[in-house]
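Position chain S against the provided structure of chain D, taking the given hints into account.
Here's the letter readout for the chains.
There are 2 protein chains.
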Amino acid sequence: MQNMHFYKHKAIKKGLFFMSLKFSSNKSALLSVITPALAATSTKSTLPALEGLLFSLEDNILTVCGYDLEKGVKTSIPVYAKEDGAVILNAQKISSIIKSFPECEITFDTNDKNIVRITGAMSDFSIHGLAAEAFPNLPELGGDRSFSISQSLLRDIIISTHFSVAQTDARPILTGELFKIEGRKLTVVALDNYRLALREEENAVFGNETDYSFVVPGKTLLEFSRLLSDIEEMVIVEFTSKYIIFKIKDIIFFSRLLEGEFLDYNRAIPKQNKIFVKIRTEDFIDSASRASLLVDEKLKTPLKCNFTDNILDISCSTQYGRVNDNIKIEKSGEDIGIGFNGRYLLDALHACSDEYINVEMSTPLMSMVIKPAVKKENSNYTHLVLPCRLKD
Amino acid sequence: MQNMHFYKHKAIKKGLFFMSLKFSSNKSALLSVITPALAATSTKSTLPALEGLLFSLEDNILTVCGYDLEKGVKTSIPVYAKEDGAVILNAQKISSIIKSFPECEITFDTNDKNIVRITGAMSDFSIHGLAAEAFPNLPELGGDRSFSISQSLLRDIIISTHFSVAQTDARPILTGELFKIEGRKLTVVALDNYRLALREEENAVFGNETDYSFVVPGKTLLEFSRLLSDIEEMVIVEFTSKYIIFKIKDIIFFSRLLEGEFLDYNRAIPKQNKIFVKIRTEDFIDSASRASLLVDEKLKTPLKCNFTDNILDISCSTQYGRVNDNIKIEKSGEDIGIGFNGRYLLDALHACSDEYINVEMSTPLMSMVIKPAVKKENSNYTHLVLPCRLKD
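If you read the sequences in order, they're chains D and S.
Residues 69 to 460 in the numbering used here are what the first sequence spells out, letter by letter.
Residues 69 to 460 in the numbering used here are what the second sequence spells out, letter by letter.
If you are wondering where the hints come from, they were derived from the structure by calculation, not from laboratory data.
None of the hints are false.
Under the rule of at most 30 Å between Cα atoms (straight-line distance), these lysine-lysine pairs were calculated in the DSS-like manner: (1) 181(D) to 459(S); (2) 287(D) to 167(D); (3) 459(D) to 161(S); (4) 366(D) to 112(S); (5) 368(S) to 342(S); (6) 95(S) to 396(D); (7) 95(D) to 368(S); (8) 181(S) to 368(D); (9) 317(D) to 248(D); (10) 396(D) to 439(D); (11) 167(D) to 368(S); (12) 181(D) to 150(D); (13) 161(S) to 396(D); (14) 167(D) to 95(D); (15) 366(D) to 181(S); (16) 396(D) to 167(S); (17) 112(S) to 368(D); (18) 167(S) to 346(D).
Partner residues aside, some chain S positions facing chain D, computed with beta carbon under 8 Å: (19) 358; (20) 388; (21) 390; (22) 393.
Just so you know, even glycine gets a beta-carbon here, dropped at the ideal spot from N, CA and C.
Pulled out of the complex, with its shape left as it was, chain D reads as follows (with noise of 0.2 Å):
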């Protein structure tokens, strides 16, 4: 395993904590800064500093870091400054605070104490901060090997692997989601012991040199997506072998890695199967979500998929009633009977982009995989649902 390098804050490291902050800028400039940092900060921590945004300031550029000990985001943006130095003050009251703000041209004005006078038109505020030293360590912000990928693939990929990302802390590996590179392709798994999203992208990858694999905290890569626009502009991605850094220009978000082996997800992809069936993903979606008005959510009743000739049938029986419901395929191979929990099937259909999909079987008790019907040449997606055994 690769050595880290740990290192204080810059600010910190030269002694700015001794330093009274104080710069003024405009409402908007301090949200571009202050928002994307929440993404990065405990809402409930024993440890105060956690629920805080560090905001220190040298040579006119101010810093806001957000960094809950996983996920950690710096943004920067140039101000008018008066003094250099360094504070915490918590995340939450903070942007409510600026939020409240008319737009303005805001002071902030530290004392020795922490105390942060907050300043704008008729608005005078006071806030207990905290010494800027009891911000946690940084992890290294640059990663000896890197690549790059536009933002709205990257986004695109996250929102539609993670319904699969594992929510239970049973197998850790498994609540996170795998990228793979190899060459320009980048394959991003997600797997529970329920289902499975596989996303194969070619051509994604730029400046990639050799080919890896890491694993990425699902959540915090969900909370990643939302700093990212449905826009091509370019990521740079930079890892070590414990952090990955995503740098959009003047945020750099960065995240833990999760260590350990991931599942061999080629093995749980049935490959030799016998019934394949075309079906509108609407229509699937639509039928699917009336038999699951029936649902028993403590006994988490199945959902009975019969494949007969060229109708799909869903069924539900629960205390509540009975429903059957029809939609029109197109089958090859013998009719089947197959059972699924619904929330699970329905999730997998959700994320398929396309307007049909392929769907195929082998028999009641293996892997329903799910694929786009017409196959693109640079884009592709696997959704596995695994069955529930029916009672008959």
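Positioned in the frame of chain D, the structure of chain S alone reads:
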């Protein structure tokens, strides 16, 4: 007290529950009767009938009724009838089932075990219903006295006074709103121990013959206001000594009235004020909102309002720090420092519809009176906020 006449629901009285409800209609027509009725069903009751809607069919008219013993809704539409009858269906389930259908013809077919088969497009539900006789008896839905009022005005009155309704049952009568009708004038009052909302509308009431007053449960009224549109069309209001009945087109909404004597609200309103302040409503709201950001929710730290010369300074000091917020005012009378619960103050301000308000005070221990700065000819409101004692 007037003698009440209850009657068995018409369809039930005629023994229709021995017959099997069978009809068809389309999705949107069904939702137009089901959705308003949801306003009057319990979501968690020990009596399943109270979580249900009574569907009854007679003479090609489908009537849907929800009644939780406090409030009720009765709506009707013509449908294509096959067999008269009545059945109770769980309100949430039947609503989500009908919503889940595509726009299509939907058929209800009830068997003698109260199982209702609901079919449409390619979906087929069989839902366990309850026998219609389990539905509670409705009060008589016609009063001996009545008046009418425009929908939008009634809606506006309810929304703008509701903030003062008492949330606790300590004095049950205060959980309601007083309606007082004198000739063409309507006065509506809500008050608890901390605030008061009084709305007076001249020429609001049509067709009234005698003066009277009644108290409607506040929660029920708020639920009812959601059925009202922002249109001039009239609501017919009928009542008996125990019930109020609102009639809007095909919807009948009725509610139990609260029994007992309402407080003499006039005595609560200070008449001899010495300090008069004109304030821009939005400025006051923004300033009180900013000052509330540091309020300690557990300690309910009050906002201190210092009205001095032409400045209102709102301040608050808590474990998080201190805030002073200033706005311009026009004052006549002495300076005053007075404390308020920020939430109560903001509730009263948010319910003011005018750009400028007049605020009247006497001493730091007497209620602040809020009125529109420019009095309208036919419409007036008065909001009262009781001060908190300040520690100095």
